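Student: Since each chain comes alone in its own frame, lean on the hints to assemble the complex.
Residue numbers (my numbering), protein chains in the order written: chain A, 1 to 317; chain B, 318 to 889.
Worth flagging that the hints you see were computed from the coordinates, not collected in a lab.
Being a predicted model, the structure only gives us computed values, none of them experimental.
In this text, a Cβ means the ideal position worked out from N, Cα and C, and glycines have one as well.
Take these hints with a grain of salt, some might be off.
Unchecked claim - Distance ranges between label pairs, derived from CB positions:
id	chain 1	residue 1	chain 2	residue 2	range
1	A	245	B	807	34 to 44 Å
2	B	876	A	245	52 to 62 Å
3	B	732	A	245	18 to 28 Å
4	A	159	B	732	19 to 29 Å
5	A	209	B	734	21 to 31 Å
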Amino acid sequence: MLRYVGTRLWQSVLTLVLASLVVFIGVRQLPGDPALAMAGEEATPEQLAAVRSSLGLDKSLPEQYLAFLGRMFRGDFGNSTRTGTPVTDLIATTLPVTLWLAAYAIVVAIIVGIAFGVIAERFRGRWPEWLTNAFALIGLSVPNFWLGILAILYLAVTLGLFPASGYVDVSREPVRGLYYLTLPAIILGTSLAAVIMRQTRASMIETMSTDYVRTANAKGLGAGRVLFRYGLRNSLIVVVTIVGLQLGGLISGAVVTERIFALPGFGKLTLDAVFTRDYPVIQAVVLIITLSYIVINLAVDVLYSVINPRIRVGGNN
Amino acid sequence: MQQDADITVTATNGSDRRRSNPAGRSGHGDAGDPLLQVRNLEVRFGDGDPVLHQVSFDLQRGERVAIVGQSGSGKSTTIGAILRLLPGNGRISGGSILLGGKDLATASDGEMRGIRGKKIGLVPQDPMSNLNPSMKVGAQIADALAANGMRNRSAIRKRAVELLTEAGIPDAGRRYGQYPHEFSGGMRQRVLIAIALAGSPDLLIADEPTSALDVTVQRQILNHLQTLVDAHGTSLLFITHDLGLAADRTDRIIVMAEGRIVEVGTPRQILLDPQEEYTRRLVAAAPSAVAALDTDPGRVLEPAAVTATAGPEDILVVRNLVKEFALRGQRGGTVKAVNDVSFAVQRGTTTAVVGESGSGKTTVARIILGLEQATGGEALIDGRSITGSNGAQRRMLRRKVQPVFQDPYGSLDPTYSIERLIDEPLRIFKVGNRASRQQRVAQLLDAVALPRTVAQRRPNELSGGQRQRVAIARALALEPELLICDEAVSALDVLVQDQILELLADLQQRLGLTYLFITHDLAVVRQIATNVVVMKSGSVVEAGSVDKVFLAPDADYTKELLGAIPGAAFAR
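Chain B with its partners taken away, still in its complex shape (with noise of 0.2 Å):
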């Protein structure tokens, strides 16, 4: 009975919300039957209990549409089960995948052969970990267009060559013949695409294409695939976690939660009238979207918190810093990674180091931490640097900075139980007995929000927020006065993320904090930071009040990458 209702209730929201949209663009077969026909779609892992429940929607020709949802939302197991290429022993437990009149649901594996590039082209998540690594780039589109029935060798590499070039890599001729760790994240996901298109599919799946790559690339990335699907009038089914990325780039957005369809609707229907609760929670917490619709700075801290504290006094000077690195194998050639670098933080204020990767963020943030020793200039904690004292006084440094990783997988040790991780700094600095430090850890979990009870657990046992939670709770153990977070929200869903940016925002307020919020997300910047320094190439292109810097910017880089924020088109 649950499971009727289910139907009816998706089934009418969908067909109400596709009412009011505008079928498909440009004409194409708005009357026709539709390219994809999923109805009531379940897939079980083994003999478990289904993952997916009844998902049911349709894809007209020529349409984009995107599935939006955290992980575990079952978007990418529903684009698996379109594909047949479930991961593990998942299968299709119910329902139809009706493809151009075919069931793909009860497909042979060698029929799906025949579908599999040649129908549906997929463009898939991470550029690093989907390209063989030991074998050239060339070769790997070959494949996709003998797969695809072209048998003349000087044939497929002249369409190869031609694939790479319509895909946006300069001097494709001779990039052929490289192999993929030769090419930048960016440049592999255009390999990608180009694979991806190889067969001239009717379908293309694009799966968090661009979640990897910085904002920038994204955006030039996501236009070549534009233009390239509207050539070819492919269908888009474009599977993201990034609300305002999908009401940019598609014509229909379906949100999924916990394996069903949620809602669907125009990207103005969801963004600026969201029907279910889901979806307004989402809509509230998605960085991009509330950074394009929010105009009322409210959430930014008041600088009330300085004067909670010693008064405008700056805890952080960094003067001229510069950071090189040697180059491999280049007798003497050297990189500079950080040049000349100047900005100071007030205590109790947060502060974002923004910039894309390789603009130095990190390397500063890891100099101002001490585990790296700066090249020339110098980064000051209280007037004194980490790296040029010694003894009792770096101890002393060392505990009033503490970092927060991006990776809270990576960054806690697994086999360390959460008290264990959270009072390792105290045991290390030797305060307090066991019976404080005990008290202390409780106060600390208490302090973000964690039960007591996930003391004796392990990390493999908590979900990626709740480690974050831990790394933080480890951070503060020492009560230290800076908090450096590196990327510290970058892996969460957006739900999540918006917890945590709450909860340190929270903790700013009560104990007096101050942030060094490293960062590639300036949404996430205009939620939390009250002062911004904008990074590239090393240098700093633009620092000032987040509000100076969003609404009037001077740089030109700024601009671009204000710009490339997914959603902005929804701003009023």
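Chain A on its own, in the form it takes in the complex (with noise of 0.2 Å):
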């Protein structure tokens, strides 16, 4: 197991390092000029390049991307062009509210989508099934941006249920920043709710047909035992598998969810910078995606034997 952990992290480090020559590369593809951004348009050739300088731009793109490599090691991803902030202090105020709403709206998801997803199969062929069958054909169709608005006009506006918009720190106010962040959790959990449900549903026929869970009420066992130990329980393998492939898509979903919601998260940094070329920023934005992405595959990895007894290694010996 440590082993497979080991070449696990040397494949990570790996992915990190391409990821960073493709987001460098990239970046600087960008139609636009930081300097001139920064400069200001009325500069002289003189000032632009004197900010060129400053900010290493001058130098040939190798040596720009070994220096970039070598501080990105030490964790330093240098300083906002726009405002000249260390990114590492952007990133340390923004990526806690991301973080709070993606985990806020995975918990929201996998509970819809699994309580959803087991109606479903539960009463196939009559009205709870379309309901929910409405419901992921809903999450799976609308735009986030456009249930988002629904839901501030309705929710926020007209009923009042819920804060439109704002953000209160999830670690001082537990209860308070919770409640500012359903709303838009939900909005951004309700596709990957949708997938969970499918799956979920799918999943269930299957297993509930098979020989095990036939064998399991030949033993007269009650309904819920048979539905939760021997029907969940191991449709939950394929669910895992599928919530980890999506997980990566609820980062990229935050960016639009906390646009409408304004809050002050990492998608907020990352549009900003894109459009402003805050090159520093952009770069150690898409680098933490990147890891995020890693960090829950290992995780979905790991989860995956915990729950499916069989690919477990070492078990046994």
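Tutor: Okay, here's the thing in structure tokens:
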């Protein structure tokens, strides 16, 4: 198991370096000049050159890349070309917002998705299944921003159930913080919930017609026990894999959701950086998103082996 | 009117036969009410036509009854109805199932939950798929005990370990905490027996409990099951497709076909004096019964086929074959799947390689086919090895040897038409043109006795037997000299199996083919082979002519295998 994790970590570092190269080149292909953005439209060529030199943009691309790589491994992503603040500070203030939002959305999506999936399987061909199917269809096909606007209009403005926008630090004021995040989390989690629901339903239909479920029924077990210990537990193996694949999408989904609810998160930071050609920030943001994909995948693999004893490494020797 | 007639037939037949049966064994309630009374049972799926017609039978306390039939005969549907666990939209549309006076056909789900596991235990068919893969084995037995009203956790655990021990699982205390994938097939079946007996049921339904297991394991498990059933005075309803097995293990046999009871009688009556035409065919086709009853090797092919071709020359020579596989997780650790195996196959004859799972027989076949590289030794076809040659010679050798695999469902691409499946080898070897290939496919379909019209159909529209005919036609497409049949009839019902064996024998005589028949089924060997190679744990235990090996086996293992053939008790 340790060796396996070791291999995986080594692969992760490699992935990160590759991602850094891709993003480094990609960013520099963007139209627009950060030095011009910083120095202003009226800057003289000399002023522009001075700004370039201070940013290290006058060096050759390979030199710039190596310097960037070296600083990256020391945890230094440079300063924002827009505000001059260290990129690490920017990330430290915005990342927690997004992580809270994403975590909340995942929890909501898992609870709603699995519950609806089980309901859909149990009530096949009757109205609860149609209802959950309609939910899944809406969740998958209606874009987040539209759902978000509708939610703000009706749930926040008209009914006044939730605040329409704003953020309260969850680590300081958990209850109020989560209350402010509820609506964004629901909106962000909707499409994930729809995917989980469909997967759970399909997986449950298969599991509930297996031989071991029939055998469990033949033991005279109660319906609930058969459903959860025999049906759902085995269905989750597939669900976990799908959820893992979908989680990465949450971060990009967060960009849109944060924009709608005016949350001071990672997504907002990303958008602002892209609009102002803030190279250091864009680079850091993309690398962190890559890192989050890697961490999520590792976590899913570990979780997978917990749920499915057959793939547990070195199980019984 | 038709249905009325059926009732009379089954009822008379049943009671006639029953009278001649020494009711019950050892005096268990021969006078009292039967434990289970099934009357005019009818089952439908959705609004379709009934799949069970007027099924009626009784089961006395302590009695052992077998229901025998092929797939689709309704035997599994019958027990599904008794347990009220019919698959999909199956429902009981008529009749009654009385268990101790209670009608299960009309019982509520809650009432059924009180009956399943407690009054009726089920030993299901496939040990591989009937245990929850994500739950420890002990917990799955504990579940059954808890459903039975046991509450004390340590008492449950103690009882579960007892049940495991009783079912013949060594070191049950440790095994309790293991997952199903850490158990062999036989061990899993023992766990399932422990689960079925957890609630001390009055009736045990065993649904083909050993059809997925090797014969020697099968015998151990059935012996054990019988001991347990006898000790608890439990009634047994034994579902099987194997007439020999039913005869060995039960007091009474119910023969079913197409959802109806065809005939009821004692094993002796059914095997030696079958009344109905269908039963007669079943008895004649049952390989185990045949093997036991038929001392005249009339069906074994005459060596005449040998002289018809090039003379007694060896087409296949296997010499000191060794195959090692690396063990996972252990550096440098290997397991010898094939250990110094040597034998030769004469042109135009049939040689059977017999062994249980893990004996290495399939690995030998794969090496001969060039699908696997030998670690040592050689497998020569006409003096040349597939893996040892290259280019044109290798292609030429591949044309000479063709495989027919076990599973006719898995070995045919479901998206191909039958024509495309059969002419695929011709296309690969660029034989002829479109028109000539089409003609060849028609010829091949004729050869395997399939109508030419199936050419445009897809595998899923054909039955298992028809698919195996397609697989044989495909194997014959390139006019090979040697066919390697790896368990080619094991997945088929007896009557179909009999037809396919017949077809193979016929093709051999007409085309002078040589067969290497890989099988676990000794009865089939007796039916078709001239020579036999018995393998165990990668080595050849015994080899020789079928007559010699069957009538005067040398090795203890061969004797054990022969003794385990069900139905042997009825040899005279």
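Student: Look at each hint and say if it fits the structure.
Tutor: Hints versus structure:
The hint said 34 to 44 Å for the Cβ distance between residue 245 of chain A and residue 807 of chain B, and at roughly 39 Å that hint holds. Between residue 876 of chain B and residue 245 of chain A the C-beta distance comes to about 56 Å, which sits within the given range of 52 to 62 Å. For the pair residue 732 of chain B and residue 245 of chain A, the beta carbons lie near 27 Å from each other, so the given range of 18 to 28 Å is met. A hinted range of 19 to 29 Å for the beta carbons of residue 159 of chain A and residue 732 of chain B is inconsistent with their spacing of about 54 Å.
One distance hint, 21 to 31 Å for the beta-carbon pair residue 209 of chain A and residue 734 of chain B, holds here, with the actual separation near 30 Å.
The structure does not agree with numbered hint 4 stated previously, though it agrees with all others.
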